[in-house]
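Keeping the supplied structure of chain A fixed, place chains B, C and D with the ligands upon it in accordance with the hints.
So the sequences go chain by chain: A, B, C and D.
The letter at position 134 of the first sequence is residue 153 when you use the numbering used here, and the numbering goes up by one with no holes.
The letter at position 103 of the second sequence is residue 101 when you use the numbering used here, and the numbering goes up by one with no holes.
The letter at position 37 of the third sequence is residue 1074 when you use the numbering used here, and the numbering goes up by one with no holes.
The letter at position 221 of the fourth sequence is residue 222 when you use the numbering used here, and the numbering goes up by one with no holes.
No lab work stands behind these hints, which were simulated from the structure alone.
In this text the structure is predicted, and so the values were computed from the model without any measurement.
Some clues are possibly wrong.
If you want a taste of the chain B side facing chain D, the calculated C-beta under 8 Å gives, among others [as the list claims (entries may be wrong)]: (1) PHE121; (2) LEU176; (3) GLY300; (4) VAL308.
Every residue gets a Cβ at the ideal spot worked out from N, C-alpha and C, and that includes glycine.
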Amino acid sequence: MTLLEVAGVSKVFPGVRALDDVSFALRPGEVHALVGENGAGKSTLIKVLTGVYRPDAGELRYQGEPVSFATPMDAQRAGISTIYQEVNLIPLMSVAQNLFLGREPRTTLGLVDRARMDREARDILAGYGVTTDVRARLGSLPLGAQQMVALACAVMIDAKVVVMDEPTSSLEPREVETLFGVIQDLHERGIGIIYVSHRMDELYRICDTVTILRDGKLVHTGRLADLERVRLVALMLGREVSDVRREGFTVFSGDHAAADDTPVLRVSGLSSRNRLHDISFGVRPGEVVGLGGLLGAGRSETIKAIAGAYPVDRGEIEVDGAPLRHPTTVKAVAAGIAVQPEDRKAEGIIPGLSIRENIALSILPRMSTFGLVSDAKIDEVVDRFMKRLRIKAAGPHQRVGDLSGGNQQKVLLARLLATGPKVLLLDEPTRGIDVGAKAEVQALIDELAAEGLGVVLVSSDAEELVEGSGRVVVLRDGAVVGVLTGDDVTTESLLATIAEAGA
Amino acid sequence: MTVLAVAQRRAGHAFQRQGALAVLAVVVLIALAAFPNFRSPDNAATILVAAAPPMLIALGMTFVIITGGIDLSVGSLYVLGGVLASWASQYGFVAAIAVPLAVCGAIGLLNGALIAYTGMAPFIVTLAALLGARGLMRAVSDEGSTTYIVQNDAFHTLGTGSLLGIGNQVWLVAIIVLLGMVVLSRTRFGNAVYAVGGSEDAAALMGVAVRRTRIGVYVLSGLLAGLAGTINAAKLGSGVTVLGAGMELDAIAAVVIGGTLLTGGAGTIAGTVAGVLLLGVIQNLINQVGDLNSNWQQVISGAFLALVVVAQTYLVRLRRT
Amino acid sequence: KSEEEPATTGAGAAPAASQVVQSAAPGAATCTIDQHGGEKIDLKTAKVGFSQSEKEANPFRIAETQSIKDEAAKLGITQLTTANANSQFNKQISDVEQMIDAGVQLLIIAPLNSDGWDSVFAKASAKKIPIVTIDRKINAAACKDYLTFIGSDFAEQGKRAADEMAKALGNKGEVAILLGAPGNNVTTLRTSGFKDQMAKIAPDIKITFEQTGNFSREEGQKVAEQLLQSKPNINGIYGENDEMALGAVTALKGAGKKPGDVKIVSIDGTKGAVQGIVDGWISAVIESNPRFGPLAFSTAGDFFGGKPVGQDIIIADRSYDESNAKSDLASAY
Amino acid sequence: MTTLTLTTPRRADWLPKYGVYLAIAALIVYNAAFTPYFLTVSNLRIQLIQVAPIIIVALGMALVIGTEGIDLSVGAVMALVAALIPLYLGYGVIAAVIVSLLAGVAVGLINGALVAKVGLQPIVATLALFVGGRGLAVVISDGQLKDIRNADLIYLGSGDLLGIPVLVWTAALAILVVAFTVRRTVFGRRLLAIGGNRPAAELAGLPVQRVLITVYVLCAVLAAIAGLLSVGRIQSSDASSIGLLIELSAITAVVVGGTPLTGGRVRVLGTVAGAVLMQLVIATMIKNNLPPSTTEMVQAAIILVAVYAARERKTR
Ligand SMILES: Nc1ncnc2c1ncn2[C@@H]1O[C@H](COP(=O)(O)OP(=O)(O)OP(=O)(O)O)[C@@H](O)[C@H]1O
Ligand SMILES: Nc1ncnc2c1ncn2[C@@H]1O[C@H](COP(=O)(O)OP(=O)(O)OP(=O)(O)O)[C@@H](O)[C@H]1O
Ligand SMILES: [Mg+2]
Ligand SMILES: [Mg+2]
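The shape of chain A in the complex, shown without the other chains:
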């Protein structure tokens, strides 16, 4: 018997056929992987299943009965709970309030029983390895902890189906293990799980079944163990297995040390409020320097401080030998620093504007004479970058907000590159990006470094960090606790440094 199934669903957005005659079935106790490139339609399928979107065609069946969920709440009441791709909680409310939103325990008077709510929240979260003040605002928690709260939220209700859209993209290794423990438990209780991720290792570790989407169409569904890894990737990308095998999975060349000795970026003694303490490092042209550490180690703040977006109390920043005093974002960009923020939705893209406007945003003065914009110049640049980054869209005039996550990320990168920067600061550049695009981004980073740029790379993916960087600066609690160089740049030594510092 199937728990949840759809037959022949289609969903059209203006200009895009996001789902085209897709069928999908989930059995009780099954962990079902949903994979595909960025924009393949995974999130859309999930939203159709959970009542966020109404499909244009197709039938939805739940526990054998045809159903139609008008709102996510309907789906939730019926026992389908979801962790969406972007953390979807309420940052200004407390952790406990988030956890119990809409189902707060009440006293006999009908008032919310806060004491009980806090107590239960503490207990529940402890089960997920989160020990935090449950009365603190959720937004003050690191992203990973927020994701765990979202997970707890989804699993807490008496669900029969749990949908997870890229739950691990902002989790650290320890948290990932906790999550897998939870999944195992759900699996044993006969709950069906739909699991979306771009991380192959994870899929093979926990999933039973796989459904592959490409360009909104179903290309394969079956047991995951029967499907070889290269074949899965080939199906996803729509390429030949032999091509994939030849190119491999990581495209980093492995040579990221630079010969030139004068750093293009030099940070010394950077301190900021209570978050950053005396951080120093340098990046030479052609070098990729990784910033390692656990979530909350202060990597993002370091990057933002360099980019002029986080207040600096002490310390010096030099770009190409020229000091950047009292950095502001305007000065930083002018000095040749380009920053890709961690939170693409809130700080990266401008969703209401077109791809074209987004890419041209930082270089408008160069695209204009006497303040008048030249569309021809912009078109040329936009066209070049859309091709180079292989941005998949209806055209340069499509709203960025309507693109899939991966393509939004590419638009963002295109904006950075268009400024012709000397230093690139990349905060989780491949988070939520499919293997194909990930390889492209990684290749791009390589290529840019080879062209002489200095790159600072933040990634929670240890493998990516190690393979992509020539040197890794390890942070903890806002301070440098170690630097890995040369042959020392390995996953093992990275984890060891983090662990050692933590001890």
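Quick look at chains B, C and D with the ligands alone, frame taken from chain A:
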């Protein structure tokens, strides 16, 4: 996280929340020292009675603003409520209260439904309601020329009588404000209000009835504005038609001074109470100074508003560092 | 440097015409301190409160407030407090209540509205504070709720305006009314007085247009422009205050009309409007005299001195037309 | 099925974009049938003259709204200008113009600084000047309404150039300049980006504060121009009543014209159409001698219908 850090953050939050209260305390202390007339208990009672209707309006506005909305129609609903209450008082006490509440609640419902179901901006929907409700008020009062006189003694007493030396309406408003606090901080509806303002999408995905919550706050705001007009009519003894202009902006100013974010998702009723009282006390002080030209009064009010809001912004920022 | 004032309006400091009581009609109700209650006090040392309703931003309000202050200074009254409600009725109520709390012994109120004073009366009568209301009447019992009313008869002003209009039009034609602010008692009375009288004395004059200009020159002009465009045959415009009438004059100029093509009658008696008569654009202006100071304080003085004072003191408003406009221009406010 | 998917989005696109023009057309047809002397040049002229100041103010408001802001102080700016003009008119009209523009710049700088530097919410930042600005203007003018006799200034507000009022020329010029600014200039694009996502614009290295301050200055300067022309049109300066409640008319025009209050988009022609629509509604009411109650209720209904038609539909 250390215990100390938690305690520190708590203190910080309290400070942010009670910023308006702190400013109010300072202003009152200065006034007590500087103006002998300010000290009389009668004066305090006058301030409280005058603050009663705006307090109700600001209370409703607080709910609306926490959801990230705004309600510009309250000034018109206030006048309409007063006119209807006075007119209906000829049919008895119950009618005098029920009629304005029913009509103003219905207009609030219309506001809420339009905002929740069509996705139109609250600013513009309630701006239309501002015009529409004023038009309705004029339509029921011969273009504003008929002033209905309150004809029910019990109803009149509601506005003019007092208990333990404190005006009836002050008691009434105090009770409603306390109820409002409980609703906002201790009920599921209250949590939903914060959730909708904090992140509408997330709230919807987490199963909060977003539409119902939105409609709820506008109905509440309409009801409270109507009730404010009603108790004011009971006090004045008639349905004065030339009231209410600019009342919505006063209410918004009070709410903002009280520390509620116009972006939604955060705010407290205690802050709003302090905000309303602060505006009332400033008004009273300007009068205490006496011979001030009316135009200067407005200049000073504007400057003071800017000062308080700017000071608050910096206080909050100071706390964050 | 400001624009040069033309000689006609800048002419010297002619004495301002002070108010004259219309008629001390025999047998009219009066009020004494015994009837009203309270004690005899010396006006000079009394605490007096004056509550103004609207901003001092038009000639009438400026002249009114100034007149009260000047007279108080002249009489040596040092404890005068003033407040201005800025057109917010609730503010006026709390302004007055605050004055009562502060212990004033005499209240002079220019009320924003005729109704809604119950709470003030309750508070004032508890302390037996006499209230003199000026320019607008309050709907309540004289000599009980308040002491007396001093002011013009607005309906009468409307009547006199109708008389002037009928005269100017020769008892026939089409007339438009530029109404004051809606809901305002002054608007209501100046409208009803005008219409009633017109129906009585000149039934052939049709009132075909009534739109509010909110007592403002700009809106008066806008409405008049629309009026002149869609009713080109209009013969007369009645402005319920001078400002709107002057707006109508600008509209007439813009529409290419000559002075006298459309007859204008208005109420107030500001310099600008009287000058309009001199220039030929306006036919007549009914005065509404704002200089309440002397009469208000002399009435209060009489009252505190134990003399009976009238409960309804209606002042004699003058009128301006081409016969006296030039000569009396200096005494307009 | 295919035809359906092709036509549905088009219809959905059409109404929001052109609804306001449709409403204008409907009103014109109604008036042509029922209002005497409606289809005349003199009427067109009067409506254009009356709507011109609102259009000028609304254009500035549209820019501010494009940054996800709002400016309540435009009426106060007009009042300040009206108060200042008589003081400097003795030096000639040029001096009056310069002083007006400077007043606009000053107010714009204050608003802009409060929004961009201090970080206040626009509605609160501009509320202070909304409350205090007009009071200050009346203080400056000493409460006196002053007649304007300077022929040059009167020409600006009431005169014709090539048979068309100077006021209308000015509004047309303002429309062109603002449309051009939004569509073709670096400043315009930045403005929209800031309205679309301010933190992102900041990280992208845009001079966010400078752009915001400029936007508020532009809005106030446009209001100052409207104030100046209105003084010339009314031929008197009355600080207490000029531009009263124009902020609401301007916001209404902008929103009815299809510019969302959420920022990131500015519809210049829509704004003009919005202002014209509201002007026609008022004119229709006055010409048909309807009382204020009816006028207000009809205005409310029209705002709702227009905004409903122009609203952003969410795909579901
Ligand atoms: N609300 C929307 N309006 C218009 N187009 C949309 C909308 N949501 C998604 N799309 C489009 O539908 C397609 C599928 O998007 P979807 O988000 O389902 O991809 P995805 O497989 O989840 O990708 P990713 O791995 O990047 O999250 C994309 O081309 C996207 O641009
Ligand atoms: N101890 C803490 N107290 C308050 N806020 C914290 C603390 N630790 C982290 N945060 C907040 O949590 C968020 C995430 O942490 P942060 O961005 O510093 O992690 P990171 O090291 O950059 O890791 P990543 O980039 O992988 O998320 C930040 O907004 C940060 O301000
Ligand atoms: Mg997705
Ligand atoms: Mg981070």
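The hints, checked one at a time:
1. Interface restraint check for PHE121 (chain B): the shortest CB-CB distance to chain D comes to about 6 Å, inside 8 Å, so the restraint holds.
2. The beta carbon of LEU176 (chain B) is not positioned within 8 Å of any beta carbon in chain D (closest approach about 27 Å), and the interface hint is therefore violated.
3. Annotation: interface hint on GLY300 (chain B) holds; nearest CB of chain D at approximately 2 Å, less than 8 Å.
4. Of the supplied interface hints, the one on VAL308 (chain B) holds, with its beta-carbon coming within about 6 Å of a beta-carbon of chain D, less than 8 Å.
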